[in-house]
Amino acid sequence: MHNNPIVHIAHLNLHYAGQAVLSDFNWHIYPGENWVIGGKSGTGKTSLAKAIVGEEKTTGKITFHFNEHNPCPPRSYYVSNWYQFTNLEGDRNFYYQQRYNKFQKNDTLTVYAELIHFGQKNDLQYSDVEPILYALGFENCRDTQLIELSSGEHKKLQLVQALWLNPQLLIIDEPFTGLDKRSRTNLLSIFDEVAHRGTTLILITNAPQLPTCINRFAEIENGQLNVVEQATDFSKDAVREKKPLPYFLQKEPESTSQTMVELKNVSVRYGDKVVLKNINWRVKAGEKWLLQGPNGSGKSTLLSLLNGDHPQAYSSNIWLFGTKRGSGESIWDIKEKVGIISPEMHWYFDRNATVWHTVASGFYDSIGWFIDVKHEEKKRIEQLLDFFDLLPHKDQLLHTLPLGKQRLALLARTIIKNPPLLILDEPCQGLDVAQTTHFNSVVDELCTHGNTLIYVGHYESQLPSCIEHQLILENGEVVEEITI
Amino acid sequence: MANYFNTLPLREQLNQLKHAEFMDSNEFSDGVNALKGKKIVIVGCGAQGLNQGLNLRDSGLDISYALRKEAIEQKRDSWKNATDNNFNVGTYEELIPSADLVINLTPDKQHTSVINAVQPLMKQGAALSYSHGFNIVEEGMQIRKDITVIMVAPKCPGSEVRAEYLRGFGVPTLIAVHPENDPEGKGWPYAKAYCVGTGGHRAGVLKSSFVAEVKSDLMGEQTILCGLLQTGSILSFDKMVEKGIDPGYASKLVQYGVEVITEALKHGGVSGMMDRLSNPAKIKAFEISEELKDIMRSLFQKHQDDIMSGEFSKTMMEDWANGDANLLKWRAETGETAFEKTPAGDVKINEQEYFDNYLLMVAFVRAGVELAFETMVEAGIKAESAYYESLHETPLIANTIARKKLFEMNRVISDTAEYGCYLFDQACKPLLADFMKKVDTDIVGKNFNEGKDGSVDNIQLVQVNEILRNHPVEIVGVKLRQAMTAMKAIKTV
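The listed protein sequences correspond, in order, to chains R and P. The end of the first sequence is residue 484 by UniProt numbering, with every number in the run present. The end of the second sequence is residue 493 by UniProt numbering, with every number in the run present.
Bear in mind the hints are in silico, worked out from the structure with no lab data behind them. These figures come from a predicted structure and were not determined experimentally. Be aware that a few hints might be false.
No more than 30 Å apart at the CA atoms, straight line, and that leaves these computed lysine-lysine pairs for DSBU-like [what the hints assert, rightly or not]:
no. : chain 1 : residue 1 : chain 2 : residue 2
1   : P       : K452      : P       : K239
2   : R       : K121      : P       : K404
3   : P       : K329      : R       : K324
4   : P       : K38       : R       : K102
5   : P       : K239      : R       : K335
6   : P       : K329      : P       : K314
7   : P       : K404      : R       : K264
Using the sequences provided together with the hints, build the complete structure.
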């Protein structure tokens, strides 16, 4: 006979934008169980998680039976798949390059101040968080401002807070997104540990590796819970129909330079902190590179130098498309030749932009909106939206789509002008295996037409196959340069 | 130094005041070329100085920062701002003599001493830029006749100037050339190129004059932008507490309400803001604001008159000479008001509630925007300038109140604006005393629609809508907002 379920969900109904997401949904979660919710994208997994912690409006009944003898606090906690923070003045009107512009007045709290604040609010001991910081390789970020964290580091901060709180019910949406390999491995054993100590876990993920404590698997089908035996039984998104690339992408991009990128002894420091150290790197036209390194190793900073986003590029020996930085070119001259996508750009993207506007803005390298779109450009937008199966969503606001579709729209924005250099910084973050495979096959196909590629990805098994060179960073230094 | 405006004959005064022409985007087709390869030296590296410099450099221009020797030696914030972003930094003596364009982005109050230090070092035929014309117009600073004097004034805080540029847009900007200082005719090409370099050309540019900029800027900031928002906020808070509304709720409603309300103003003008109210509430707000306009019109006119005659700047400069005695005293008093001292309560107020429960502020904003606009236009300022200095800037100032109340607003705005704001506030409160006696919680603190059935008289509603939509500030607003295509919602609370 079972104890009381820790969560009892009965006859839950949830609507989003006029559509039923959950209908007459029932679920019991018992102590000792640890669940993974997986399966297709857009089935309502995130909505369900939010409903459990009371962040979504629903009808039906959700009852909690927390155990008073359990040492973990009798409460639930949800870690969302997107991070959120505000500046010291309470708003979050940031732009994605802000972390590179230095202004003496602090814009946001430091990690340490944020943790102290979180600890006070939840009555926690700071000494308890120290081991978690080490386990996730986050101990050196204490004095970093929130605005300066990369997306992977933000994820770690969210996890640190959740694990420190140690609630009886912990729901984590995409726990592994953006984490490097070492952190992922450590996180697996941390999950086993907290489960052992009495926390019930619900992980929303399709990640290939799961903690051993996971003993229940389910997906959402037609608004109801469908329990399966194991993760391999999750239903997968239909394999996408292979379509030919639009004509305008089947031709070689216009480019005048043999060398796309050249860095000679480039260093970036903030005060005493060295972020990049003596980087030498040459990317020739048509080469396909993989850039790798743990979270915080300097990858995003390096890429920001190549896209005209970093002020320190002006005093360094950097040549882009054959022109030395700081010789009278504007950042718009550079951006015109670069198609970039990154988690940070995604996070700070204009929330008023529709899918169509998002793609159109790629012609002008602007974030959201755009000026006048010509007839020929409109045609291209339609063709590309069709290629990515986004036509039915073209008038929807970008941020209301499932994450996977948002990423595809941003990829479309990136390639709409057929740029000679593609910089794809963790483009598949938040996508499941099927979506990632699809995404990478598009990248492969694109690159057969002569584009130069710089790609960042943490999963070695999930990379485009066209990669031929590899640059590995650690603590801001190049530790290896490999030709595959 | 004599007040420059007062030295002009009337016809020239009128001529310069009415200078306001909305520029077509093809006037900027030459991009930054007029300044390409020129040595540009920015004096001052605060929020405007740093962020404009970052934009100009990112547009391919050659930027350095000239700072006072002490700022460099003591590694002050301005020095850190410039060096942390890898700019070349030097003293006035090191950088000014080779500069083709010197951009003065120091606070108003320092202009005279900065110009006195910089001018003798400037080479023959160089150019000097301001972002506010107070020093030229009110203090009557005379610049050497070989030097070209221009103004480029982005109508937003420095952080926004940078953020919008990197998003691929810009902020609305006002540009001008000083008619007494354009010996080579390069004033306009320089001003336009500078404006392109900051991204301003994408968001709407107004060709103005030093005189028009100063006289309209002072008027806007003293009355609707800061003065009226301060008076309205304090009176609303005190009234709610007097009538038994929970002080935490009242504090939150006032602190954030003005931002939410003026966000609607930003997108749809006065009528857009009024349309957020139910029909009966709109009619009520209309009636109250009509009464407020009647009561306050004379005060708005007095402020405009004092600005035109130079009386305002004379009084304020006397206070500068007196160690800011009045300014500091009034600043301290503002910090002591009950509103300032009551923290916002931990209550959830949804967006629509800010309109429904704070109808009085909607009325204040309509009255203030229209009065400021009407008074400026009557005084000879063109509608375009008057729009920027009244309606356009109100949401930006409201944003500072939402951050940390009035103290924050007064900290962020210039000392000149702050001084004028206190003058207005002190005169306006007694003027509104009788009016406030009639005010009850139905228009401030509680939902006006409660217990009403929502019906209104057709004809009356049509008339009210017509008056709102046909006001000249709405007519010019529709045109100017169209140019700011990239306008985005700041955020909601």
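Run the structure past the numbered hints and jot down the numbers of the failing ones, going up. 3, 5, 7
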